[in-house]
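Residue numbers (my numbering), protein chains in the order written: chain A, 1 to 145; chain B, 146 to 291.
Heads up, a few of these hints could be off.
Listed below are the simulated EDC-like cross-link pairs for lysine to aspartate or glutamate, each with C-alpha atoms no more than 20 Å apart in a straight line [said to hold, decoys possible]: (1) A:Lys140 <-> B:Glu156; (2) B:Lys157 <-> B:Asp203; (3) B:Lys255 <-> A:Glu19; (4) A:Lys47 <-> A:Glu73; (5) B:Lys200 <-> B:Asp168; (6) A:Lys29 <-> A:Asp46; (7) B:Lys200 <-> B:Glu218; (8) B:Lys157 <-> A:Asp101; (9) B:Lys255 <-> B:Asp216; (10) B:Lys270 <-> A:Asp101; (11) B:Lys255 <-> A:Glu73; (12) A:Lys140 <-> A:Asp46; (13) B:Lys200 <-> B:Asp275; (14) B:Lys255 <-> B:Asp227; (15) A:Lys47 <-> A:Glu19; (16) B:Lys200 <-> B:Asp173; (17) B:Lys200 <-> B:Glu185; (18) B:Lys255 <-> A:Asp101; (19) A:Lys140 <-> A:Asp15; (20) B:Lys270 <-> B:Asp203; (21) A:Lys140 <-> B:Asp227; (22) A:Lys16 <-> A:Asp71; (23) B:Lys255 <-> B:Glu278; (24) A:Lys140 <-> B:Asp246.
Not close to chain A: a few residues of chain B, all C-beta gaps over 12 Å, as computed [said to hold, decoys possible]: (25) Arg167; (26) Asp168; (27) Gly171; (28) Ala178; (29) Arg186; (30) Gln202; (31) Ser222; (32) Val236; (33) Pro243; (34) Asp246; (35) Gly247.
What the hints contain is simulated information worked out from the structure, not anything from laboratory work.
We put the CB at the ideal spot given by N, CA and C, even for glycine.
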Amino acid sequence: MARVYVSSVVSAPADKVWERVRDFNALPKWHPRIRESRIEEAHPSDKIGCIRNFQLQSGDTIREQLVGMSDHEYFFSYSMLEGPMPLWDYIATFRVTPVTDGDRAFVEWSAEFECDPANEDELVNGVGTNVFQGGFDALKRHFGG
Amino acid sequence: MVQVVCSTIIEKPIEDVWALLRDFNGHDQWHPAIATSAIERSLPSDLVGCVRRFKLQDGGELREQLLTLSDVEQCFSYCLLDTPVPLFNYVAHVNLYPVTDGDQTFWQWKSRFTTPQGREDEMAKMVAQDIYEAGFEAIRTQLANG
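Here chain B stands alone, though its shape is the one from the complex (with noise of 0.2 Å):
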């Protein structure tokens, strides 16, 4: 089993980081790899056990379910279903938490996953900068400019 946890500090409140991150049809609103989202049998996007389906920029697909959602923790976390890459029982969480002596937010984006020996190294590499930091940057740069 691989672990990825990556972590950051937003210098915005926790409410206007949640209220992007929480829409789980919304992260081809900012995320660079991901070029189109939409939720299967039009479900909405805040329903656990919805499943959101991603076409990347660089043209792959993959299909993603929620798994919980809360708005009292600010959390939410998912699986993938089906992945272009070999990323296997993948299971992640996003975190949100105030850092309450800054108007700031610790957000905090990990996962687990298997994956064919040789090739943790690298997929762990992949998530974590492809998906978590570049996500941790979209989200700095569109809430800097909103």
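One chain only, chain A, in its complex shape (with noise of 0.2 Å):
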């Protein structure tokens, strides 16, 4: 099982946070990686079961099927159906968490997945700077800091 935890801080309140990553079809809006994204079979995005089917900048294809979401505490998890990377059995949470003593949030991203050994170091590395990481700076951007 390879694991990845990448974490930050962004300097605004939780709920503004929230609000930008809960739309689980709203990677486009805030994710530089992301092309386009719909949501399969018309359904609402944040209905539990539903399946996001995106494209990369790269091109290529993804699809993810939302298994978890709470608006009390600000999380949501998923797992991938379809990708263009080796790797199965790939389930990863958003959460974001407030940060009581100022006006900002901590975020953290995480994931678990199957992978054949000799791919893993790169895996959990391409992963954890270009889709997490790579997602915080935006919002970091997005939100000043």
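Starting from the two chains in their separate frames, assemble the complex, guided by the hints.
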């Protein structure tokens, strides 16, 4: 089992950060590596079980299924159904937690997956750096720091 | 049931913060409200179930029991057994998380408790400010000077 964990601090209240990321169909709006996204079968994007089908800037297509979401705890979890990377049993969670002594939010993005051990370092680094940290950097730019 | 959640960012790596916090008998070394601390029956302070006895700066005494401690997840929880203030069924959790894109630590300190009707706000404010936020500042100062 490979694991990825990336976390950061965004200079905005948790509810504002959550508002920006909670839409499971909104990756193109806030993540620079995603070109376009749609929810299959026209389901609402917060229906647990809905599938997002999106294109990376590279042209690759990924399908991911929403498996959990909480507006109370500010997190969502999803699994990857199809994608260009040589991995399987991929489950990820994005979580936003308030920092109560300032208008900041602690954000965490983690994943677990199976892969060929020979590819593990490269995949962990690719997911952690390009996808997760890339997303956090975009959020930090958006919210100014 | 009253719930209190406080959190902060400490500008030090999680290992440094955890090294100070994990000693259940060491809080008198940094928390301004606590004068002395001792573990009853000379048990090790990382033995789950051990009881610490605090003397507070104001002369009060309280006893707290360690419920969980994890070096993997850098967290512990404890409950109040005896207290001079009306905090009942008090269970608290201390959780540390690394901020991986900076050498920082996210520290969350939270609890649930019951208290006589009408005193909820007073007790919640006391716990949040005098215990948790005062603890954040004390650790921040200690690590900055260390």
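Could you work out which earlier hints the structure fails to respect and list their numbers in ascending sequence?
Numbers 2, 3, 7, 12, 21, 33, 34 and 35, in rising order.
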